[in-house]
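Undergrad: Each chain, written out:
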Amino acid sequence: MNKRQPILSLRGVQVRFGGLLALDIKQIEMLDASGVSAIFMGPNGAGKSTLYGALTGYVPVSRGSRITLNDGKNRELVGRSRAAVVRCGIARTHQSPVFFPSLTVREGMLLSTRMTRTCTWIRRRLSWLDFPGRNGRSGRLVDELIACLELDAVADTRMARLTLPLLRRAEIGRCMATQPRVVLLDEPSAGAALGETAFLVQCLGSVLPGLVRRLHSEGLYRHPQVAIGVITHDLVLAEGLAKANGASPVVHVLNQGRLLMSASLDQVVGDARVQDIYLARR
Amino acid sequence: MLWTAGLLGTCAIIMAATMSPSQFWRVGSLFCLGLIALAGLHVLTGLARVISLYHVALVGVGAYTAGALSLSVGLCPILSVPAGVLAAAAISFVLAKLAGSLQDHYLTLATLAASEILTNIFRGATGLTGGANGLVGIPPLSIAGLVLFSPQDYFPVCAAFAVGALCVAWALQRSFLGKALRAAGDAGVLVETLGIDSIDLRLAGFVIGGSFAGLAGALAAHVDGFVGPESFGVDRSMAYLCFLVIGGLGKLRSVPVAAALAVIAVEILRGIVGWQMVILACAAVATLYLRSWTMPPLFAWMKRRLGAKAGVA
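Residue numbers (the working numbering), protein chains in the order written: chain A, 1 to 282; chain B, 1 to 313.
I should point out that these hints are in silico values taken from the structure, not numbers from a laboratory.
The reader is advised that the hints may include incorrect statements.
[Stated by the list, open to error] Pairs of lysine to any residue, SDA-like flavour, derived with a Cα cap of 25 Å:
#, chain 1, residue 1, chain 2, residue 2
1, B, Lys251, A, Thr157
2, B, Lys251, A, Val154
3, A, Lys26, A, Tyr58
4, B, Lys97, A, Gly139
5, A, Lys26, A, Val78
6, A, Lys73, A, Glu218
7, A, Lys73, B, Lys251
Whole structure, please, built from the sequences with the hints as guidance.
TA: Written out as structure tokens, the structure reads:
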């Protein structure tokens with residue numbers, strides 16, 4: 001298997017906000033896996049979300065930065081717009097969920113299926129005049145995702161009426177509906193109750209990757225597997241994900257914009273430097 | 001839906017009782033033309049939440065294009081009306097392109113500037129637009145040799161176009177494009193998380209809205225036989241926005257309600273020159289206050305008061 005090949009590689013990625021060097025990564029490789037393959041940790045302000053921003057076109061990176069998506073086409077992501085990055089196959093969630101209050105959960109997900117279809121520019125534009133149907137391939141994909149994320153009860157509710165944990169789930173659904181190769185989740189369990197965290201462990205660890213494999217074999221998903229990256233402070237989530245399905249994700253610890261170490265969760269938790277950073281001993 | 005129909009029906013009955021038939025059909029036609037223009041504004045402002053202050057100037061572009069073409073080249077209305085639509089859509093396209101990635105208030109300012117530029121062209125380009133005198137003697141609508149001169153004759157045409165515009169707006173609202181525009185109205189550029197280019201999306205919204213405006217203007221030029229620069233100022237665009245807000249921004253019913261308000265307000269507010277905009281603005285603010293989707297503050301306040309009284313008793 002090509003399981004341990006990097007799916008995303010970053011080389012010399014720098015982000016500057018004025019005089020502040022917010023991100024200075026010499027090299028990070030996110031390994032390919034079916035399921036959670038990378039966990040990003042680090043104290044507040046370490047540059048975790050900035051790293052996501054640089055990966056997905058939200059934050060402009062310095063010249064010379066190189067971010068490559070090794071999905072067979074080896075596409076360079078630097079310089080692409082946010083929408084183009086999504087179409088390349090990288091979807092992300094946000095720390096405070098991005099949602100569309102006047103649309104229902106299902107509508108938002110159906111919208112997401114649209115622009116990542118493999119067809120010509122003009123066909124894609126013409127498809128704007130289509131109606132988001134519940135039948136057809138997009139509809140089936142969305143139905144499967146709704147069932148997987150246990151959003152059935154609120155599928156036809158406007159997002160304005162959803163609670164935060166449900167919004168986060170809806171956002172994951174919206175990401176998955178773009179049929180990504182890589183999903184980057186930003187603190188999916190922040191502010192969630194333990195039950196919600198357990199659900200996320202179950203869902204991200206085994207159910208979602210399994211669903212993607214099945215949908216791919218049915219021709220509903222464009223990639224054979226999805227690699228998931230998670231930013232979290234939540235050790236319950238991290239431990240759960242590290243054990244789930246034997247995927248053994250690599251934990252990348254960031255501090256002050258730099259990569260401190262990449263190792264397994266046990267090694268990271270036991271590492272003296274990491275403890276120093278988190279406990280602000282130094 | 002039922003409410004809207006009932007309200008509009010009542011208005012129509014009152015008008016029919018108080019007006020002469022020709023006046024009634026004339027006002028009815030104005031209602032239809034306003035409805036077409038407002039359907040365009042509904043797409044741009046109601047769905048995509050772009051506050052456009054040059055919508056009525058676009059109506060003017062349609063009107064002047066159709067009028068000038070039929071006066072100078074002698075184009076028949078069947079060709080001059082599409083020409084007006086195309087001209088307004090083209091101007092809209094150019095503005096959306098020039099505005100680039102401007103957002104929110106900056107975009108609104110750009111539309112304000114566009115409105116001023118267009119009205120100055122209407123007034124200044126004397127050779128093309130007749131300057132302050134406007135264009136006089138535009139031939140009436142005619143279909144296959146049948147000249148529609150009296151209000152009774154051209155009302156069905158206007159009504160047909162209005163119904164068509166409403167149907168298109170309704171279909172659009174349910175299409176991917178309409179939903180995407182709504183998403184853009186909700187989350188702004190973050191609609192790009194769906195893989196949709198927000199600038200392309202907005203471009204589509206501008207062009208569709210502009211086409212509706214151009215259609216309304218071109219028809220109005222032939223219906224009135226006259227186009228003058230006074231009718232297309234930025235104050236009219238602001239009034240249109242107020243009407244849409246009062247009708248319920250973002251809902252399809254806002255379009256006919258706003259069109260009715262536009263006709264009625266012109267009649268009622270005609271006597272109080274100078275106060276029209278003040279009254280409209282107050283009405284719009286009152287509507288927002290009473291029907292804000294987050295929490296109607298007034299109702300909450302009343303509920304608290306009533307609750308306090310009940311507690312004491």
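Undergrad: The structure should be examined with respect to each hint, and the outcome stated for every one.
TA: Going down the list of hints, with the structure as the test:
Only pairs whose Cα atoms come within 25 Å are accepted, and Lys251 (chain B) paired with Thr157 (chain A) is accepted, the gap being roughly 17 Å. At most 25 Å may separate the alpha-carbon atoms for a hinted pair to count; Lys251 (chain B) and Val154 (chain A) meet this at roughly 22 Å. With a C-alpha separation of about 20 Å, the suggested pairing of Lys26 (chain A) with Tyr58 (chain A) holds against the 25 Å cut-off. Proximity of Lys97 (chain B) to Gly139 (chain A) is assessed by CA-CA distance (about 34 Å); at most 25 Å being required, the pair is judged violated.
Under the criterion of a C-alpha separation no larger than 25 Å, the hint pairing Lys26 (chain A) with Val78 (chain A) is consistent with the structure, at around 15 Å. Our distance criterion of 25 Å between C-alpha atoms is met by Lys73 (chain A) and Glu218 (chain A), whose separation comes to about 23 Å. Of the pairs offered as hints, the one joining Lys73 (chain A) and Lys251 (chain B) is violated, with about 45 Å between alpha carbons and a cut-off of 25 Å exceeded.
Hints 4 and 7, counting from the list given before, are not met by this structure.
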